[in-house]
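**Q** Chain by chain, the residues:
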Amino acid sequence: VLVLVRSPLPRLRALLQRCWGRLERGLWPGVFGGQSPPWGPALAVQGPALVPQGINDAGESSAEAPSLLESIVWMAAPKQRRTIEVNRCRRRNPRKLIEIKRNIDVCPECGNLKQKHVLCGYCYAKVKEETRLIRMEIHKKEGGPFNAPTVETVVLYEGEKPTEEDEGKRIIERARKRPSWFVQN
Amino acid sequence: MRLSVVAAISHGRVYRRLGLGPRSRLDLLRNLVTALVRHERIETPWARADEMRGYAERLIDYAKRGDKDERAMRMADFWLTEKDLIHKLFKVLAPRFQPHPGSYTRLLQIPNRDGLDRAKMAVIELKGNPLPPLVRPRRASDKTLLNQLLKGYRQDAQQAAASRGTPV
Numbered sequence: 058v059l060v061l062v063r064s065p066l067p068r069l070r071a072l073l074q075r076c077w078g079r080l081e082r083g084l085w086p087g088v089f090g091g092q093s094p095p096w097g098p099a100l101a102v103q104g105p106a107l108v109p110q111g112i113n114d115a116g117e118s119s120a121e122a123p124s125l126l127e128s129i130v131w132m133a134a135p136k137q138r139r140t141i142e143v144n145r146c147r148r149r150n151p152r153k154l155i156e157i158k159r160n161i162d163v164c165p166e167c168g169n170l171k172q173k174h175v176l177c178g179y180c181y182a183k184v185k186e187e188t189r190l191i192r193m194e195i196h197k198k199e200g201g202p203f204n205a206p207t208v209e210t211v212v213l214y215e216g217e218k219p220t221e222e223d224e225g226k227r228i229i230e231r232a233r234k235r236p237s238w239f240v241q242n
Numbered sequence: 105m106r107l108s109v110v111a112a113i114s115h116g117r118v119y120r121r122l123g124l125g126p127r128s129r130l131d132l133l134r135n136l137v138t139a140l141v142r143h144e145r146i147e148t149p150w151a152r153a154d155e156m157r158g159y160a161e162r163l164i165d166y167a168k169r170g171d172k173d174e175r176a177m178r179m180a181d182f183w184l185t186e187k188d189l190i191h192k193l194f195k196v197l198a199p200r201f202q203p204h205p206g207s208y209t210r211l212l213q214i215p216n217r218d219g220l221d222r223a224k225m226a227v228i229e230l231k232g233n234p235l236p237p238l239v240r241p242r243r244a245s246d247k248t249l250l251n252q253l254l255k256g257y258r259q260d261a262q263q264a265a266a267s268r269g270t271p272v
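In order, the protein sequence lines correspond to chains A and B.
Residue numbering for the first sequence is 58 to 242, as defined by the working numbering.
Residue numbering for the second sequence is 105 to 272, as defined by the working numbering.
The following block holds chain A by itself, in its conformation from the complex (with noise of 0.2 angstroms):
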């Protein structure tokens, strides 16, 4: 414990001295809050610690060595080596393999492979492409947000005129030739 005392005045200085001889004598027991000053002894002595606190550490630290030794003591190891055999029968159970996919098919339209229950991704790519040419083809026409028309919307391509179906729908034209795979209605 380092104190710095700033040339105090002097009667500060004989309170200080009056406080420190009594620590010294132990006539101040209340300081460290039970438990003895912080100093040591003055000679280096062999032995024993001769300090009644270094006896306690000891004590304290001995016995929670044991606590976390017997801790150690119950927790589970293997006893053998697993041979290579039963590492294999383990690893190459059926169960941990990859498990093969039996749902994969040919898609009619453009032969990539496809899941029986998905759509082919070749095929949904080429639409979803169009779909977003369409929908610049809109924003272009409705101009800014939140224009969202009230009558249906029919999509056109080059040299096809609006049908009687068509009366009072919103026209929307795509400058390209239809494609086979979009029939008009």
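Hints in this document: simulated from the structure, not taken from any laboratory.
It cannot be assumed that every hint is accurate.
Just some of the chain A residues that point at chain B, by a computed CB distance under 8 angstroms [to be verified]:
1. PRO165
2. TYR181
3. GLU187
According to the in silico footprint, chain B covers these stretches of chain A (three or more CB under 8 angstroms from chain B) [unchecked claim]:
4. 73-80
5. 188-195
6. 202-215
7. 234-240
The beta carbon of each residue, even a glycine, is placed where N, CA and C say it ideally should be.
With chain A held as given, fit chain B onto it using these hints.
**A** Frame of chain A, contents of chain B only:
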């Protein structure tokens, strides 16, 4: 009664837990419903699309009642955050689906998302939308081997029946 264990088991629970909490889940689904009504075809994770489907179809059922109905208007006001879509709902979608008794949406699974999460994605669309179709209905071809064999068997059976019929 051990209420804590009952809370941990989820047997029979029908609502998924999405977002940050129940209110967040409803906001998420509300955004998706608004997007569906605006764009008529959206691509989202499958769980969200499945959860949203019921709400979208019930909203259309409410819209079919007509815009004079107070409850229908309040529902549309809550579920559609963009208010120009309320007009679209009552003037375009309600007449479009008036002849149909139910199932106004189509939910199809698409290949998993390309990002790190490889999420199960789906595309949900309103039927009768003006966009290009996702799946073309295929009629069974008469030229496949099985259909040709069945056709031959049918013809043989008819001939046998005719030849047994005429002598009698």
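**Q** Hints first: check each against the structure and report whether it holds.
**A** Each hint tested on the structure:
1. PRO165: 7 angstroms, holds
2. TYR181: 5 angstroms, holds
3. GLU187: This interface hint holds because 5 angstroms falls under the 8 angstroms limit.
4. 73-80: Not satisfied, violated; 0 residues make the cut.
5. 188-195: The restraint on the region 188-195 of chain A holds, since 3 of its residues have a Cβ under 8 angstroms from chain B and three suffice.
6. 202-215: holds (count 10)
7. 234-240: holds (count 4)
In this structure, only the earlier hint numbered 4 is contradicted, and the remaining ones agree with it.
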